[in-house]
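Colleague: So the protein sequences, as listed, match chains A and B.
Here the first sequence stands for residues 1 to 275, numbered as in full-length UniProt numbering.
Here the second sequence stands for residues 1 to 107, numbered as in full-length UniProt numbering.
Calculated directly from the structure, the hints in this document are not laboratory data.
Accuracy of the hints is not assured; some may be wrong.
Said to hold, decoys possible - Some, not all, of what chain B presents toward chain A, calculated at C-beta under 10 Å:
#1 R47
#2 A60
#3 E81
Beta carbons are placed, not taken as given, at the ideal position from N, Cα and C, and that holds for glycine.
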Amino acid sequence: MAMVDTGQLRVHVQRMGPRDGSVPTATVVLVHGLLTDSLASYYFTFGPPFAAAGLDVIMFDLRGHGRSGRPASGYSLDDNIDDLEALLDTLAVTGPVHLVGNSYGGTIAFGYAARHPERAASVCLIESEPATASWSRNMDGVLQQVLHELAFNEDLALAWIADNRSHNTARLAKGAARLIRETTLAQDMRTSAVLTEDQIRAVHCPVLGVYGGDSELALLTPWLEKLLPDCRTVVLPGHEHSVLVEAAGVVGGHVLEQIQKTNAQIQAATAAAVR
Amino acid sequence: MTDPTATSTATDEDAVLADITGMLERLLEDEYGLDDVEIGMTTTFNRDLELESIDLVTLAGLLEEKYGRRVNFAEFVAGMEFDEIIELTVGRLVEYVVQSLKSAEAG
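Let the hints inform the model, and build the full structure from the sequences given.
Modeller: Written out as structure tokens, the structure reads:
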């Protein structure tokens, strides 16, 4: 297992590159979602085709998730952005990277781009949004529900999930309950700082949003396209919040297209500057 | 008349099953403290072994350690639907590994 010690955290990292040994055309960092997620969601979906397309693919487990360390505290959005920054510094990845995030992972990715515009080549938000006051309220609502239903009456809640959803979902929920019980994650998320509209608008790199047509987040697309200087959105009908795992091939195709298009623009701009 | 390749396939499968069983036992012990799990060709990763997808990432690393780049578990799984991954059995992985090792030899 590839563990990277950033000084603040032991981070589980998986990296894939072109198998023929050619020099990668760019680096893409894939950020997973909250509670039930891990880098595995990318490892078995975007990872292999992105690497085959010539990219250096960095996947990592967020603090408290997957195989990364689980300190008792430090789970605010800014802490997650700090962890990402420390990881890329430790890996000596200092040039602009393409950032892709699923759900909360996209909020981290966007926050990183807002903090370091010079280090973001593009951002892809999959079922995700920048950190705003309404994002914060929704997130807190979800976490409070999990706190009540799982942390305080866990056996009953898990039995219900197993009966009404699936064995696998119940198992993931159990892991989520443990994470919430063992850490300050729920409190830290509640007090996370959010971005102003000006700070969001200041993200100038190309932004792609991919949403499930049946997800409430799809309603954000007009607002995002209007607010951001360079933003395009894709809505996939018949899908909900878990569109990444449900339609990995289609979503991955859109993300890869965006990355390659941005790369071509960067190369053309660099060539023009040299002339 | 016996088919000479049949015997060698069976032997390959047995050897690969033994390798993979060893990897899974190590993983279950390291991550979950389990040391008495029965593993065979029909065992499913999710329902029988209660493995999460992150455990399959660890398994992918163990497979690469053992067989090198001839076996690429991530690519194998990346071609599957989500439900297919959930229902994945040890036997399917064994077959994939045997196939990959064979085509590496042939190539």
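Colleague: Each hint should be assessed against the structure and marked as holding or not.
Modeller: We went through each hint and held it up to the structure:
1. Annotation: interface hint on B/R47 holds; nearest CB of chain A at approximately 6 Å, less than 10 Å.
2. The beta carbon of B/A60 comes within 7 Å of a beta carbon in chain A, closer than 10 Å, and the hint placing it at the interface holds.
3. Restraint check, B/E81 versus chain A: the minimum CB separation of about 9 Å is within 10 Å; hint holds.
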